[in-house]
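Trainee: These protein sequences, in sequence, are chains C and D. Heads up: the first sequence begins at -1 in our numbering, then just goes up one per residue. Heads up: the second sequence begins at 820 in our numbering, then just goes up one per residue.
Nothing false has been slipped in among the hints.
Below, simulated BS3-like cross-link-like pairs (lysine-lysine); rule was C-alpha separation at most 30 Å, straight line:
1) Lys6/C / Lys1038/D
2) Lys18/C / Lys992/D
3) Lys984/D / Lys50/C
4) Lys952/D / Lys992/D
Across the chosen pairs, the derived CB separations fall in these ranges:
5) Arg65/C / Thr891/D: 33 to 39 Å
6) Lys30/C / Lys992/D: 18 to 24 Å
7) Phe921/D / Asn42/C: 29 to 35 Å
8) Arg65/C / Gly883/D: 30 to 36 Å
9) Asp22/C / Gly858/D: 46 to 52 Å
10) Lys30/C / Phe835/D: 53 to 59 Å
11) Asn1116/D / Ile113/C: 45 to 51 Å
12) Asn857/D / Arg65/C: 47 to 53 Å
13) Arg920/D / Asp22/C: 51 to 57 Å
14) Glu923/D / Ala27/C: 44 to 50 Å
15) Leu102/C / Glu1037/D: 28 to 34 Å
In case anyone wonders, no lab produced these hints; they're calculated from the structure. From the three backbone atoms N, C-alpha and C, an ideal C-beta is built for every residue, glycine too.
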Amino acid sequence: MLEIDGEKPIYLQIAEWLEKEIIDGTLKADDKVYSQYQLAELFNINPATAGKGLTILLDAELIYKKRGLGTFVSSNAREKLLEKRKDFTLRRLVRELLDEAKLLGIEEQQLIRLIESERKGRA
Amino acid sequence: MEVITLRDVTKKYRSFKVLDQITLDIRRNVITGVVGRNGAGKTTLMKMIAGFTKETSGELRVFGERPFNSLTVSANMIFVDDRMGFPDAFKLEDILIECDRFYENWDDELAKRLLEYFQLPLTFKHRVLSKGKRSTFNAVIGIASRCPLTMFDEPITGMDAAARKDFYRALLKDYIAHPRTILLSSHHMEEMEDLLEDILLIDGKGVGFHGPIIDLQEKFLSLQGKANALETYATRYAIIHRSMAGPLTEWIVDNEYSEAELNELRQAGIRVAGVTASDAYLAMTGQAGGGVDDVFNAMERQ
Chain C
-1 MLEIDGEKPI YLQIAEWLEK EIIDGTLKAD DKVYSQYQLA ELFNINPATA
49 GKGLTILLDA ELIYKKRGLG TFVSSNAREK LLEKRKDFTL RRLVRELLDE
99 AKLLGIEEQQ LIRLIESERK GRA
Chain D
820 MEVITLRDVT KKYRSFKVLD QITLDIRRNV ITGVVGRNGA GKTTLMKMIA
870 GFTKETSGEL RVFGERPFNS LTVSANMIFV DDRMGFPDAF KLEDILIECD
920 RFYENWDDEL AKRLLEYFQL PLTFKHRVLS KGKRSTFNAV IGIASRCPLT
970 MFDEPITGMD AAARKDFYRA LLKDYIAHPR TILLSSHHME EMEDLLEDIL
1020 LIDGKGVGFH GPIIDLQEKF LSLQGKANAL ETYATRYAII HRSMAGPLTE
1070 WIVDNEYSEA ELNELRQAGI RVAGVTASDA YLAMTGQAGG GVDDVFNAME
1120 RQ
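Just chain C, with the same shape it has in the complex:
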């Protein structure tokens, strides 16, 4: 099961999960993508909901359809996603971080030190 945060509609979670599969290389260019019925089984959700998740990737041209054969990963899907994540996801996370810092009354310098210490902890 997905870690459902109860806020994002499931079809978005499905779309994000598929994007993650492409980013981390589980699904490579021209690999076959799960059908809406496989996704429905996998995540225990209505097939229409799973289909809507796939539609998001189709609309963004991250995956493409081959008539009668199924859906496949576009050749530039990973690059597109990395670009999008940098631009969008990271920016959103930074914004949330700043909101939280403001709420807690944490100064900018303190925040930067915190990021630095986390980074060192990983190295």
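Following the hints, position chain D against chain C.
Mentor: Then chain D, alone, in the frame of chain C:
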């Protein structure tokens, strides 16, 4: 294509109107969750569709026919609830034999395997089953009959958490393999919402909402914050529902704001979050005002 159509359908019991001029279509092979408060008329609606009770006025069609006294509807439909009547003398295996005889798509092997999994011995009599076991048995009948129109009215009554989870999973798996039109009513919307494609909300004797569950999930936003921070915005937003989320005030508002407006709220320390379908349902059917707290507050003021 529509399996069920209602045009201005009204149902009265003597002079009491239960459902008032309902118009709706149920599409073929869609799982629809029928929700509403106690006494909203969910069961009446489903029993009318099943042909168990007659509409008072308006036009009701199921598979193109008026369901009351219709053999076509009866042969292609199953209505599962906790009061499903079976003859007292019948063992579970006798019921299976009759189901096999009556329902064209009946899958006897699936029925027997599911009963074994749920530990329901075929030699038991239906009337000796516990409440939860009886619900489980009836639900198995509902799944294995594979009727083009399958209706479950509060199917999980008395089932424990594990049985409920198994039931929803079995229903989904069999639906994926054999799509059919399913109506499913339950008070536990949060448990079944992932399974649904459409939601039909019965409220105030009519249709409060009918459409894809995704639309219901995106209909509202939740704003949470300190009461005084929120009050600044009280005139700007149409508040669907107010409640207390612990020490914080929560408003459910229509989801029609720009990203800039939302950012302004966030900077004012207000948490903006999505609303699940079940929370949207609660907000739409909850009484206006402060909920049951109002009762206690009014008594304290005396």
